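A.B. asks: Build out the structure end to end from the sequences listed, making use of the hints.
Given next are the chains, with one letter for each unit.
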Amino acid sequence: MQPLKDPGRPTRVAAVVTAAIMLGLIFAGPVLAQDGESPKAGLLQAALVGLGYYLSNSPWLAGNGGFFGLYRPLVAGLIVGIIFGDPVKGAQIGAAINLLYIGFISAGGSIPADPSVAGWVGTALALAGGLDAQSAISLGLAVGLLGTIIFFTRMSVDAVFAHWADARAEVGDIGGVARMNWLPPQVFLFIITFFPATIAVYLGAGVVSDAITWLNTNAPWVLRGFQIAGGLLPAIGIAMNMRFIFRGTVIPYFFIGYLISVASAGAVNIVAVAIIGAALAVLHVTFLGARPMQPRGAEA
Amino acid sequence: MTDMVDQTVTTTPAEPAVSLTRADVQRSFWLWTFFSHANYNYERLQGTAFAHAMTPIIRKLYKTPDEITAALRRHLVFFNTEPNVGGVIHGAVIAMEEQRANGADIDDETINGVKSGLMGPLAGVGDTIDQGTITPILLSIGIGLAAGPTAAFGDGNPIGAILYLVAEVAVMTSLAYFFWFQGYDRGREGVTALLRSGALDRLVVGAGALGNLVLGALAFQFVHVYVTLTLIVGDGHFELNELLGQIMPGLLPLLFTLMTWWLLTRRRVSAIWLLVAYLVIAMVGAFPFFAGSAVDPTTQCPSILHEFYQPDCIPPPPAPTP
Numbered sequence: 001m002q003p004l005k006d007p008g009r010p011t012r013v014a015a016v017v018t019a020a021i022m023l024g025l026i027f028a029g030p031v032l033a034q035d036g037e038s039p040k041a042g043l044l045q046a047a048l049v050g051l052g053y054y055l056s057n058s059p060w061l062a063g064n065g066g067f068f069g070l071y072r073p074l075v076a077g078l079i080v081g082i083i084f085g086d087p088v089k090g091a092q093i094g095a096a097i098n099l100l101y102i103g104f105i106s107a108g109g110s111i112p113a114d115p116s117v118a119g120w121v122g123t124a125l126a127l128a129g130g131l132d133a134q135s136a137i138s139l140g141l142a143v144g145l146l147g148t149i150i151f152f153t154r155m156s157v158d159a160v161f162a163h164w165a166d167a168r169a170e171v172g173d174i175g176g177v178a179r180m181n182w183l184p185p186q187v188f189l190f191i192i193t194f195f196p197a198t199i200a201v202y203l204g205a206g207v208v209s210d211a212i213t214w215l216n217t218n219a220p221w222v223l224r225g226f227q228i229a230g231g232l233l234p235a236i237g238i239a240m241n242m243r244f245i246f247r248g249t250v251i252p253y254f255f256i257g258y259l260i261s262v263a264s265a266g267a268v269n270i271v272a273v274a275i276i277g278a279a280l281a282v283l284h285v286t287f288l289g290a291r292p293m294q295p296r297g298a299e300a
Numbered sequence: 301m302t303d304m305v306d307q308t309v310t311t312t313p314a315e316p317a318v319s320l321t322r323a324d325v326q327r328s329f330w331l332w333t334f335f336s337h338a339n340y341n342y343e344r345l346q347g348t349a350f351a352h353a354m355t356p357i358i359r360k361l362y363k364t365p366d367e368i369t370a371a372l373r374r375h376l377v378f379f380n381t382e383p384n385v386g387g388v389i390h391g392a393v394i395a396m397e398e399q400r401a402n403g404a405d406i407d408d409e410t411i412n413g414v415k416s417g418l419m420g421p422l423a424g425v426g427d428t429i430d431q432g433t434i435t436p437i438l439l440s441i442g443i444g445l446a447a448g449p450t451a452a453f454g455d456g457n458p459i460g461a462i463l464y465l466v467a468e469v470a471v472m473t474s475l476a477y478f479f480w481f482q483g484y485d486r487g488r489e490g491v492t493a494l495l496r497s498g499a500l501d502r503l504v505v506g507a508g509a510l511g512n513l514v515l516g517a518l519a520f521q522f523v524h525v526y527v528t529l530t531l532i533v534g535d536g537h538f539e540l541n542e543l544l545g546q547i548m549p550g551l552l553p554l555l556f557t558l559m560t561w562w563l564l565t566r567r568r569v570s571a572i573w574l575l576v577a578y579l580v581i582a583m584v585g586a587f588p589f590f591a592g593s594a595v596d597p598t599t600q601c602p603s604i605l606h607e608f609y610q611p612d613c614i615p616p617p618p619a620p621t622p
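These protein sequence lines are chains S and Z, in that order.
Counted the way the working numbering counts, the first sequence spans residues 1 to 300.
Counted the way the working numbering counts, the second sequence spans residues 301 to 622.
The set of hints was computed from the structure by calculation and includes no laboratory data.
Since the model is a prediction, treat every value here as computed from it, not as a measurement.
The C-beta atom is built at its ideal place from N, Cα and C for all residues, glycine as well.
Honestly, I wouldn't trust all of these hints.
Computed footprint of chain Z on chain S, listed as stretches where at least three residues anywhere in the stretch have a Cβ under 8 Å from a Cβ of chain Z [as the list claims (entries may be wrong)]:
| hint | region |
| --- | --- |
| 1 | 71-80 |
| 2 | 163-175 |
| 3 | 215-225 |
| 4 | 253-261 |
| 5 | 278-284 |
Result set (EDC-like, lysine to aspartate or glutamate): computed pairs, CA atoms no more than 20 Å apart in a straight line [to be verified]:
| hint | chain 1 | residue 1 | chain 2 | residue 2 |
| --- | --- | --- | --- | --- |
| 6 | Z | Lys363 | Z | Asp407 |
| 7 | Z | Lys363 | S | Asp173 |
| 8 | Z | Lys360 | Z | Asp408 |
| 9 | Z | Lys363 | Z | Asp408 |
| 10 | Z | Lys360 | Z | Asp324 |
| 11 | Z | Lys360 | Z | Asp485 |
| 12 | Z | Lys360 | S | Asp173 |
| 13 | Z | Lys363 | Z | Asp405 |
| 14 | Z | Lys363 | Z | Asp324 |
| 15 | Z | Lys360 | S | Glu170 |
| 16 | Z | Lys360 | Z | Asp407 |
| 17 | Z | Lys363 | S | Glu170 |
These stretches of chain Z come out as covered by chain S in the derived footprint (C-beta under 8 Å, 3 or more residues) [said to hold, decoys possible]:
| hint | region |
| --- | --- |
| 18 | 414-428 |
| 19 | 509-520 |
C.D. replies: See the structure below:
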């Protein structure tokens with residue numbers, strides 16, 4: 001039985017700090033807006049992003065289309081790009097943000113950050129602010145930390161509906177138990193996901209783009225810092241995944257993969273690398289078997 | 301007529317009185333696939349979802365209010381596993397409920413024991429397979445295609461996102477379907493045998509080899525670390541970054557990634573602190589200590605850490621060794 005994990009101090013501290021910065025930006029927005037004319041998100045666009053964020057957490061696309069699909073910034077970025085009329089840029093930004101969450105694992109009812117809100121809201125804000133993909137990673141990081149608040153609210157409140165299901169079970173109401181599993185939780189989930197995300201995009205788009213314009217003229221080094229961070233932060237996402245697979249006899253493949261790219265200066269693209277990897281995986285399992293790499297759970 | 305039917309049932313217990321059709325088990329599978337996390341909560345986790353998935357089974361197997369209430373209660377308890385691979389538990393439990401409804405001696409403890417005994421191990425194996433290997437591999441491919449533009453990899457291609465979505469849904473759903481029916485067809489003994497057989501271990505190791513290779517390529521594509529320190533020895537100027545590149549092209553990003561892994565795994569540093577620390581390092585690196593703050597960022601490099609692909613600010617990219 002997995003222990004139920006508390007959000008943890010780092011998450012809470014970081015979420016509070018980001019919330020303060022975001023709120024500060026919203027209040028500072030009118031001051032930062034110098035030209036007054038900046039690309040903003042329409043209400044419909046913002047609502048579509050909010051809807052997408054809700055759907056990614058909902059059961060309506062099944063776990064595999066939701067949690068394994070729309071929940072990922074890569075997919076969310078493409079759709080947000082379509083909503084804002086630039087699918088290529090959207091997918092680029094989504095992919096860049098997704099680098100942070102490539103090793104994302106939700107286990108035992110705990111998430112270290114919320115990739116979905118980073119993908120949906122983060123991409124929308126980055127598009128509105130005209131950020132390049134590499135700089136958008138920092139924005140996605142900040143928004144993703146905020147999203148954990150929504151997750152923990154949901155996990156706490158939903159326990160109530162389990163007791164409503166108990167009550168239906170006592171009277172032998174099969175349909176009632178089924179309904180308690182989806183109807184009240186989904187109404188609640190819609191309220192706590194759709195509205196915050198919509199408001200964040202609708203109000204935030206202008207604020208973020210104003211803030212970036214202001215930084216561009218007054219403190220360009222901050223934007224440069226975002227770009228540098230865009231080169232450092234992916235190491236964390238990759239290392240998070242390495243916690244799971246960088247072990248035992250398969251460790252050398254990491255170096256082989258890296259060196260294939262170095263030696264070809266990146267000319268061997270990722271699909272080709274994956275095909276080489278599949279071939280090596282078959283050889284490895286055939287000749288070495290499963291023996292030396294111990295599969296372990298989320299608590300690596 | 302009804303009397304006769306009842307009599308045959310009681311006299312020949314070997315003949316199943318109520319049996320589930322393939323469609324019932326499939327209906328249960330789809331309910332779980334869709335609603336496994338609909339009411340995810342700290343108290344029961346997937347508890348109510350398990351009961352939800354069992355509703356077609358309970359409806360078919362049990363007729364009296366007491367039996368129905370008992371069955372619903374039985375499946376409303378705490379439950380948490382990985383939803384795709386873990387479906388093997390549901391399959392086995394459905395098989396047990398079917399036997400129980402037909403008079404087999406299976407009590408609540410046995411069913412609860414199977415659920416609570418298997419959910420932990422299968423959460424571990426399942427998370428390793430689904431979230432730890434298959435998803436990152438497919439994500440790496442999708443990200444590698446969709447991201448860009450980078451100096452080395454050219455323009456981004458949004459097909460990467462679509463490719464990921466289609467492949468992920470197809471792989472995960474077929475995996476879940478396979479495990480669900482493995483559980484139902486083989487029963488609880490079969491599940492234990494499957495766990496012991498080592499087939500899952502081979503899958504984990506094979507996927508681990510593939511995953512590592514792809515992850516290595518991804519690290520080269522996206523981790524960019526530069527130092528712009530210049531060593532002045534006599535009349536000669538040596539760019540530190542160039543010197544490191546001569547030892548091995550791409551050495552610095554590789555070491556940086558390995559250091560991050562070491563900090564996370566061996567030193568158990570929280571990922572959140574690490575994210576914040578790297579952001580601060582980047583900001584400090586970008587702060588113009590060595591030049592006025594009014595420098596145009598597109599033409600000058602007043603930082604101790606370079607970024608990658610600004611035209612006039614590029615250290616030479618790692619050249620392939622001839």
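A.B. asks: Hint by hint, note whether the structure agrees.
C.D. replies: Here is how each hint holds up against the structure:
1. 71-80: holds (count 5)
2. 163-175: holds (count 9)
3. 215-225: holds (count 7)
4. 253-261: holds (count 9)
5. 278-284: holds (count 5)
6. Z:Lys363 x Z:Asp407: holds, 18 Å
7. Z:Lys363 x S:Asp173: holds, 12 Å
8. Z:Lys360 x Z:Asp408: holds, 19 Å
9. Z:Lys363 x Z:Asp408: With Cα atoms ~18 Å apart, Lys363 of chain Z and Asp408 of chain Z stay inside 20 Å; holds.
10. Z:Lys360 x Z:Asp324: Holds, because 8 Å separates the two Cα atoms, which is no more than 20 Å.
11. Z:Lys360 x Z:Asp485: holds, 18 Å
12. Z:Lys360 x S:Asp173: Since the Cα atoms of Lys360 of chain Z and Asp173 of chain S sit roughly 14 Å apart, the hinted pair holds (cutoff 20 Å).
13. Z:Lys363 x Z:Asp405: At roughly 18 Å apart (the allowed maximum being 20 Å), Asp405 of chain Z and Lys363 of chain Z satisfy the hint.
14. Z:Lys363 x Z:Asp324: holds, 16 Å
15. Z:Lys360 x S:Glu170: holds, 19 Å
16. Z:Lys360 x Z:Asp407: holds, 19 Å
17. Z:Lys363 x S:Glu170: holds, 15 Å
18. 414-428: holds (count 8)
19. 509-520: As far as the region 509-520 of chain Z goes, the hint holds, because 12 residues have Cβ atoms under 8 Å from chain S.
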